[in-house]
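Chemist: Please model the entire structure based on the sequences and the hints provided.
2 protein chains.
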Amino acid sequence: MPTLMNRQIRLKSRPTGLPTLDNFQFVEVPLPPLEAGQVLVSSRFISVDPYMRGRMSERKSYVPPYALNEPIAGGVVAEVVETKSPNFAVGDIVLCGYGWQTHAVVHEDQIRKINPSLAPISTALGVLGMPGLTAYFGLLDIGRPAQGETVVVSGAAGAVGMIVGQIAKIKGARVVGIAGSDAKVNYLTQELGFDAVINYKTSPDLNRAVAKACPAGVDVYFDNVGGSISDAVLAHLNDGARIPICGQIALYNLEQADVGPRVQSQLLIHRALMKGFIVGDYSARFGEGISQLAKWVQDGQLKFKETIVHGFDNTVNAFLGLFSGENLGKQLVQV
Amino acid sequence: MPTLMNRQIRLKSRPTGLPTLDNFQFVEVPLPPLEAGQVLVSSRFISVDPYMRGRMSERKSYVPPYALNEPIAGGVVAEVVETKSPNFAVGDIVLCGYGWQTHAVVHEDQIRKINPSLAPISTALGVLGMPGLTAYFGLLDIGRPAQGETVVVSGAAGAVGMIVGQIAKIKGARVVGIAGSDAKVNYLTQELGFDAVINYKTSPDLNRAVAKACPAGVDVYFDNVGGSISDAVLAHLNDGARIPICGQIALYNLEQADVGPRVQSQLLIHRALMKGFIVGDYSARFGEGISQLAKWVQDGQLKFKETIVHGFDNTVNAFLGLFSGENLGKQLVQV
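Top to bottom, those sequences are chains H and L. Numbered per our numbering, the first sequence spans residues 1 to 335. Numbered per our numbering, the second sequence spans residues 336 to 670.
Read the hints as simulated data drawn from the structure, not as lab findings. Be aware that one or more of the hints could be misleading.
[Stated by the list, open to error] Derived contacts from chain H toward chain L, CB cut-off under 8 Å, selection only: (1) Gly226; (2) Ser230; (3) Gln248; (4) Leu251; (5) Ala257; (6) Asp258; (7) Val259; (8) Pro261; (9) Arg262; (10) Val263; (11) Leu267; (12) Ile269; (13) His270; (14) Arg271; (15) Ala272; (16) Met274.
[Stated by the list, open to error] Ranges between beta-carbon positions, derived for each pair: (17) L/Ala619 / H/Gln292: 27 to 35 Å; (18) H/Gly217 / L/Glu661: 36 to 44 Å; (19) L/Glu393 / H/Thr189: 32 to 40 Å; (20) L/Phe621 / H/Arg14: 49 to 57 Å; (21) L/Lys536 / H/Pro65: 32 to 40 Å; (22) L/Gln591 / H/Glu288: 45 to 53 Å; (23) H/Glu288 / L/Ala570: 30 to 38 Å; (24) L/Ala570 / H/Asn314: 33 to 41 Å; (25) L/Ser618 / H/Glu191: 41 to 49 Å; (26) H/Glu326 / L/Phe621: 51 to 59 Å; (27) L/Glu393 / H/Pro204: 26 to 34 Å.
All values reported here derive from a predicted model rather than from experimental measurement. Ideal Cβ placement from N, Cα and C applies to all residues, glycine included.
Modeler: Printed below as a string of structure tokens:
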């Protein structure tokens with residue numbers, strides 16, 4: 001039997017500003033033979049996520065930087081094609097973290113079995129995976145929306161934002177999204193029941209647009225983007241507002257310092273809370289989160305949307321598309 | 336008996352930037368006769384506080400603006416000189432809220448008796464009053480310092496900051512203050528046991544000064560001042576840091592927008608919490624706070640310091656001195 005080859009995408013150089021194809025290198029390497037306790041898997045869906053941009057820089061972030069000349073690590077849904085583990089059979093679908101590779105030899109401790117009867121297997125990277133859990137814990141643990149309150153979510157048509165808005169609706173809040181195209185605005189209002197959505201690219205005065213969309217002020221602002229979009233929302237806080245800081249996609253490719261109105265006065269005047277978090281802070285409660293999310297999906301209360309690019313060769317383009325707002329919902333690569 | 340006259344300081348015009356004497360008017364008015372349930376009191380100590388500046392502007396803050404041509408409201412320790420209340424006797428010392436006036440006729444429901452045997456009566460406006468409670472709840476409820484953590488407090492030589500640092504020491508934290516004169520630095524380190532104090536006026540590179548004073552990073556930043564001092568501290572947060580926002584004295588007289596590095600990225604990277612609060616948020620727990628503070632004072636674990644200006648005519652100057660950093664500890668006017 002010829003040696004099975006693995007294709008990888010490695011970080012060739014650290015991007016300055018927006019990454020380009022030149023920052024990445026496609027390589028083909030032989031796979032090592034299986035040892036006891038290991039399985040060989042073949043990638044079915046590869047995740048590309050905004051947070052990966054942070055790891056491509058050298059500076060400290062909440063996760064360590066990627067090493068140069070190593071594959072980009074991240075979530076993958078894969079199928080077991082060979083096994084030396086008693087716990088995994090050929091054909092099993094598993095969640096892995098080896099990232100942008102077509103195959104991998106992984107130890108049984110590093111993977112988790114996915115139940116394909118629960119939902120499409122790709123959802124393990126979306127609504128029933130990291131983005132779903134991020135939305136669930138950030139909104140419910142930090143945002144704590146009450147019935148009738150106004151929840152604003154930026155990056156509303158992204159993998160996390162879309163779930164945030166729907167959970168807020170389930171909790172009885174009035175939900176206002178901020179997104180970057182009319183197609184997204186239409187999807188969020190017509191398909192997902194958002195009460196209002198602002199297209200920040202076509203709103204000449206974002207401050208006024210937020211005021212109009214939130215006549216009763218803002219009780220929860222779930223922030224995925226940062227920058228001047230957040231400035232506009234933060235000018236309309238209600239007393240006791242809560243602001244989970246989930247992402248700052250507007251800044252990830254920024255080359256200069258991020259300068260704007262300091263938020264402290266608003267937080268003081270409104271006795272508001274702002275808190276950064278990452279989903280890993282809640283790892284002890286992932287089971288609770290996934291089972292509640294799965295229940296909402298099965299009940300039809302929580303819809304999920306994926307943008308799927310086909311072919312491993314398109315992984316980098318799918319990743320870059322996150323920063324030009326091409327994805328509606330979770331961006332995946334089908335291998 | 337001739338009618339007793341009351342002297343008042345009223346807000347004549349709303350200040351732009353730093354207030355001046357011209358914004359205030361001294362008037363003399365006759366006191367109304369006592370009705371049942373009322374007492375006539377004579378001011379002994381009048382409080383001047385940074386937050387009063389906010390109420391002199393028209394814009395919404397966490398307390399309503401002062402009305403023009405009305406006395407400036409605020410805390411007063413007074414003595415009962417005439418009584419038509421069965422609950423108060425002549426000579427009783429009481430805490431009132433009528434502000435910058437030499438006398439007042441007040442209803443028994445609006446005042447609280449002070450026990451002069453507990454501590455000097457002026458402390459009802461300081462360590463055992465609003466500043467003490469502000470320090471107590473902001474630090475312990477939001478900041479939650481743990482043994483061995485580093486707590487930084489700005490405005491460290493002010494009424495609130497001085498108590499914050501001492502409570503943090505009681506809780507076993509390493510305490511770093513930021514203050515504006517060498518006399519303050521010496522007092523905080525030598526008399527109150529702060530581990531390090533930065534003089535922000537003489538530090539050429541505040542960022543480096545914070546790094547040097549906080550080799551293990553910052554776990555709690557109790558912010559009384561805002562602006563560029565806060566920027567320097569916020570660049571050194573540890574993961575899981577907590578930042579109670581208590582005041583922003585650097586901004587109260589600012590005429591332009593408060594612009595600087597946006598803090599959201601730091602909060603995200605370090606999963607940090609920032610929360611604005613006012614002491615009134617904790618009114619249900621004031622009893623707990625005062626009795627703990629009094630116990631620490633009696634034990635000698637918590638020292639208090641007052642800067643006392645003599646004479647009602649100097650009230651406005653005492654208030655203005657807060658913004659040039661003239662006070663060490665609680666600024667009071669003795670009438």
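Chemist: None of the hints should be skipped; say for each whether it holds.
Modeler: Now for the hints, and whether the structure bears them out:
| no. | hint | verdict |
| --- | --- | --- |
| 1 | Gly226 | holds (5 Å) |
| 2 | Ser230 | holds (7 Å) |
| 3 | Gln248 | holds (6 Å) |
| 4 | Leu251 | holds (6 Å) |
| 5 | Ala257 | holds (6 Å) |
| 6 | Asp258 | holds (5 Å) |
| 7 | Val259 | holds (6 Å) |
| 8 | Pro261 | holds (6 Å) |
| 9 | Arg262 | holds (5 Å) |
| 10 | Val263 | holds (6 Å) |
| 11 | Leu267 | holds (4 Å) |
| 12 | Ile269 | holds (5 Å) |
| 13 | His270 | holds (7 Å) |
| 14 | Arg271 | holds (5 Å) |
| 15 | Ala272 | holds (6 Å) |
| 16 | Met274 | holds (5 Å) |
| 17 | L/Ala619 / H/Gln292: 27 to 35 Å | holds (33 Å) |
| 18 | H/Gly217 / L/Glu661: 36 to 44 Å | holds (39 Å) |
| 19 | L/Glu393 / H/Thr189: 32 to 40 Å | holds (38 Å) |
| 20 | L/Phe621 / H/Arg14: 49 to 57 Å | holds (54 Å) |
| 21 | L/Lys536 / H/Pro65: 32 to 40 Å | holds (38 Å) |
| 22 | L/Gln591 / H/Glu288: 45 to 53 Å | holds (48 Å) |
| 23 | H/Glu288 / L/Ala570: 30 to 38 Å | holds (36 Å) |
| 24 | L/Ala570 / H/Asn314: 33 to 41 Å | holds (39 Å) |
| 25 | L/Ser618 / H/Glu191: 41 to 49 Å | holds (46 Å) |
| 26 | H/Glu326 / L/Phe621: 51 to 59 Å | holds (55 Å) |
| 27 | L/Glu393 / H/Pro204: 26 to 34 Å | holds (28 Å) |
Of the numbered hints listed earlier, not one is contradicted by the structure.
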